[in-house]
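**Student:** Chain by chain, the residues:
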Amino acid sequence: MSPLQLFIEYSVVGIAAGGVYALIALGIIVIFKASHTFNFAMGEMMMLSAYFFYAASVTFALGPWLGLGVALLSSVVVGLIIERVAIRPMLGRPFIAVVMVTFGIGAIIRGIVGLVWGPNELQIPAILARTPVMLGDIFVPGRTARAFAIAVVIVVGLILYLRYSRAGVALRAAAADAVTAYSMGIDVRRIVAFSWVIAAITGCISGVLMASVNTLTPHLGVVAMNVLAVIILGGLNSIGGVLVAGLIIGWLEAVTGMFLPTSFREITPYILTLIVLLIRPNGLFGARQVERI
Amino acid sequence: MLRVENVQLSFGGVHALSGVSVHAKKGEITSVIGPNGAGKTSLFNVISGFYKPQSGTVMLDGEDVSSLKPHARAYRGMSRTFQNIALFHGMTVLDNIKLGAHTNLRSGVLSAGFGLSLTRREEDELDQRVRRDVVEALELDTVQNHYVEDLAYGLQKRIELARALVMKPKILLLDEPVAGMNREEKQEMGRFVRGVRDNWNTTVLLIEHDMGMVMKISDHVAVLSFGKPIASGTPDEVRANPAVIKAYLGASDDAVTEKA
Amino acid sequence: MSAAETTSLAPAAKGKIMQRIWLIVLLVALLALPQVAPGHWVYFAGLLGINIIATQGLNLMMGYAGLLSLGHAAFVGVGAYTAALLQIHLGLPFWITLPAAGIMSALVGAVFGLPSLRIRGLYLIIATLAAQFILHFIFVGWQSVTNGDVGLTVAAASIFGYPLNNEVRIYYLILVVAILATIFARNVVRSRVGRAFVAIRERDLTAQVLGVETIRYKFIAFALGSFYAGVAGALLAYFNRYVNPEQFTLLLSVFFLSAVIVGGMGSILGAILGATFMTLLPEILREGLIPLAGMIGFDLSAVMTPLREVVFGLLIVGFLLLEPRGLAQLWKRAKRKFSR
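Residue numbers (the UniProt record's numbering), protein chains in the order written: chain A, 1 to 293; chain B, 1 to 260; chain C, 1 to 340.
Take the hints with a grain of salt, since some may be wrong.
[Unchecked claim] So the derived list for chain C, only partly shown, Cβ under 7 Å to chain B, looks like this:
id: 1; residue: Ala156
id: 2; residue: Ser158
id: 3; residue: Arg186
id: 4; residue: Asn187
id: 5; residue: Val193
id: 6; residue: Val198
id: 7; residue: Glu202
id: 8; residue: Thr206
id: 9; residue: Leu210
To be clear, the hints were calculated from the coordinates, so they are not data collected in a lab. The beta carbon of each residue, even a glycine, is placed where N, CA and C say it ideally should be.
For reference, chain A alone in the conformation it holds in the complex (with noise of 0.2 Å):
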């Protein structure tokens, strides 16, 4: 196989990977919609959904999809519990405050699945096939290539339903004018929760099929910090833009991995974090905004 071709086939493969990763973007770039709040436990968020999908598929031998079930169920339970406990209280206080909140409750999920579930990998069930999916003479994995398909059907999905439901509505006019929307009625208290409700279901599928293609650790949230650090490159007033955002760390994962040694997958979205503000200090897409004094 020529270089190019090898080349295309690991990006090929990264971008699939990718598909998740723009699933974990969506759940983030809601919230910030929402809210202006940086969440920083989605992370742990899309981890513990994991734990969830094996304590009932497999502690509770509820089977997979039952499982699944009682996984996105917990999960927007547990969503909706950090929103009314730590993050409305939290109203009308410094970013920084909030973003600092997001990390403490990082660090208390990371905690507990350690003290729940210890540190050692886990094997949840099959749901994904493993049969590879050939793309011409290209070669994907097969859980990667479903994952993604999974991923790709739910963000279409839910981005169609942000843009015609009455809720999504109302999201993105508390997100264009909090204010404003106010003023006509919507409840913004209420569509923070319910963009916590949508963070929580994509965490939940993002974590199951980040576990299905991997294995189930308590590092598996590591990932959404990566997320987290090419969505402001991407910029976070489009949701166009973050999704790419989401597909660059796929791909960018897979073409580390074809140079370097593996180990430098975990960083490398950070050192093109700091390329890219070093040279743009705004972030790719990002407009310097004026500021009302």
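Put chains B and C on the given structure of chain A with help from the hints.
**Tutor:** Coordinates of chains B and C only, in the frame set by chain A:
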């Protein structure tokens, strides 16, 4: 002292200011008035360097400061207050005021950290000067050690004035100093602003909404309407100017006499 | 009013004298500690001193200037490795390696911080997170210099050939540096520079109008905080007599973050209280909770790391929600009640 010449400012095709010129004479109080949306605050943001106008110049004491950053203009003797109070809540009244003297001091982080004599002398002198000249003059002695957020609105406005004054500016820009005040507070603030001119010999440029206050304390008044200058002169001249009455007061000159 | 003032002056002066007396008592107690306290107390006192230095640094940048760093542990690590390497390869004494470690951390901090200091908020947080991961990656991966996971062994620091080779001797060195670091921080925040920090934290546009060059002061705060981290790291290297990557993970960054928040952001006393609380907390957990859990049949000693994460996280969230001004505020309130 401050000369703003022919400023054009637009945001994406909307003209905020078109051909505005204002001249604040040394030792006088000059006011810019105009209805809401006339471009008064935009003008101030151009003067203090937050907005870059498409054309026009800002001259401070004979020097062109048009291309300077806000902090560099402060170093050249420009200070201002804000329409929505912009005090620092995590500091006491005294520290808020001292912050206004940032440009008068020289200490860097090493001098400060090691407690060198430069810093100690500077801070002692500043402390004395603030207490003696500013706190007393603006009658803030009873609250100087309070945190700002606990204080009444009118008082906060006065602390902002104190903070802008402590650097001994060449030009003091006051952005709606009596907005949201009751009658008594307004009179008090008018007295303080005149005191600034008379006792500190500071040149003042203020923008205001409240005609009564402006007419009473200004030496010179300029009128803006929809980003364009429509009149300028002494308070009496402006009051009599038909263009002003039409634009600003909607043709009813009762309001002028009533408010004045 | 003037009458009230003259009467209120006397207690203020008296309060100052009382404060002096308490400080002297505290100093004597700290000097005497190794003579009266058991060895493991002295060990914790030394560790506490190091944590206080690092926390003061993070407090300067985060509590005062509002620059949140998620990579403080990595900058502590840079200091530790710098001191270790300078000693191993060049044989330099601690009074050179200590400031050199500080400067090195400040420089590395500048590399990560500078691009994002020009803009606000989120970018710096991400840049410091990047610093945490990338630097830790370098500690592990740059085998030929850092010796990877195994790490480096450090010889004891020595003064005029007198080795500081036990916890009592190194304790005194740490005590001196911690006191100097605290005084320096206190002096800075009471000066023009400290006022500029707070101004930037609260309203950076207003700060500019008042003549504060915001980018420059953010840079100063960031470099200063990283310098403190580096000095703390160097002391840690001499304290443990080894350096390895395990010491400088994200968990330690969370530890310092918690210390600043728990103590009270923007308070010198708060940094001391927060660092003390956080340093003693694992011990309290170990001494108190583990035997307690053991009695009902749980072995918690195996899960100290996750347990610590839960507790750190709860403290961060709890204090931010309920008492954002931290222990320093509680202390103030208690003092007021007491003096009444």
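**Student:** With reference to the structure, classify each hint as holding or not holding.
**Tutor:** Hints, one by one, checked against the model:
1. Ala156: 29 Å, violated
2. Ser158: 26 Å, violated
3. Arg186: 9 Å, violated
4. Asn187: Cβ of Asn187/C sits 5 Å from chain B, so the hint holds.
5. Val193: 5 Å, holds
6. Val198: 5 Å, holds
7. Glu202: Because about 5 Å separates Glu202/C from the closest Cβ in chain B, which is inside the 7 Å limit, the hint holds.
8. Thr206: 4 Å, holds
9. Leu210: 5 Å, holds
Hint compliance for this structure: hints 1, 2, 3 are not met, and every other hint is.
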